[in-house]
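Full structure from sequences and hints, please.
Under the numbering used here, the letters of the sequence shown match residues 1 to 174, in that order.
Keep in mind that the hints are not guaranteed to be accurate.
Pair by pair, the computed Cβ-Cβ distance ranges are [as the list claims (entries may be wrong)]:
#1 S107 to V140: 39 to 49 Å
#2 R72 to V140: 38 to 48 Å
#3 D73 to L152: 21 to 31 Å
#4 E57 to V79: 17 to 27 Å
#5 G94 to I11: 17 to 27 Å
#6 V29 to P77: 15 to 25 Å
#7 W169 to V136: 54 to 64 Å
#8 Q31 to A113: 51 to 61 Å
#9 L62 to Y88: 10 to 20 Å
#10 E57 to I11: 37 to 47 Å
#11 Y60 to R9: 53 to 63 Å
#12 V140 to Y76: 49 to 59 Å
#13 I11 to N58: 17 to 27 Å
#14 S107 to D73: 18 to 28 Å
None of these hints come from the bench; they were simulated from the model.
Predicted model only: the values in this text are computed from it and were never measured.
Note that the Cβ used here is the ideal one computed from N, Cα and C, for glycine as well.
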Amino acid sequence: MPEIHLNRRGINSIEVPEEVETAPGSDLVLQIINHGSPIHISIASANSSPFTDFFHENLYVLGEKEFSVPIRDDAYPGVFSIEIISGYGALRAGFRVIVRERRTPVSEPIAVAPLPSLPVASSMWRPSILAALAVVIAAVLYGLWLVYRIDLLNIAAFVALFLGVILTWLRQRS
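Laid out in C-alpha cells, this is it:
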C-alpha cells in the first residue's frame with residue numbers, strides 16, 4: 001500500500017512515491033499519513049479516464065486516512081498520474097500509477113476423452129451440389145433474361161439463387 005506523507009518536512013509538505021503498480025479490477029489504496037496539524041488536500045487525476053472513474057477528491061486529513069481508487073475490470077495496461085495538492089494549490093506532488101496486465105492463473109490442461117465418431121450417412125444431395133445447381137439454374141435464367149428481356153426470367157433467376165442459399169443454410173444446420 002503506497003504511503004503519502006503530509007507535513008513531515010514542513011507545513012503543507014507532501015511526500016509521495018515515484019511509481020505505484022496496480023492491476024485491473026483491483027483498488028489502489030493510498031495510505032495518507034499526516035505528521036502535523038490537520039490539513040485539507042486534493043487528490044486529482046486528469047488522465048485516468050481509461051483506467052478508473054476517479055477524477056478529483058477533496059479530503060480533510062487529521063491523522064491517518066486510507067483513500068481508495070478503484071481500477072476498472074476492463075482497463076488495459078498503461079500509465080496515468082495522480083496529483084496531491086495542498087496549501088490551497090501552493091504545493092503539488094504527483095506520482096505515476098502503472099496498470100499492469102492482470103496475471104492469469106496457470107491451470108493444468110483438462111484431459112477430454114475423444115468423442116466416438118458417428119457414421120455419416122452418405123447423401124447424393126450435398127450442400128455444395130445444391131448450391132452449384134442453384135447457381136447454374138440462376139445463370140441460365142439470367143442469360144435468357146438478357147436475350148429475351150422477359151422480367152419473369154430475371155425474377156426466376158433471383159428466386160433460384162435465393163432457394164440455393166436457403167437450402168444450403170438449412171443443410172448446414174442439420
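Checking against the hints above, which ones are violated? 1, 2, 3, 7, 10 and 11
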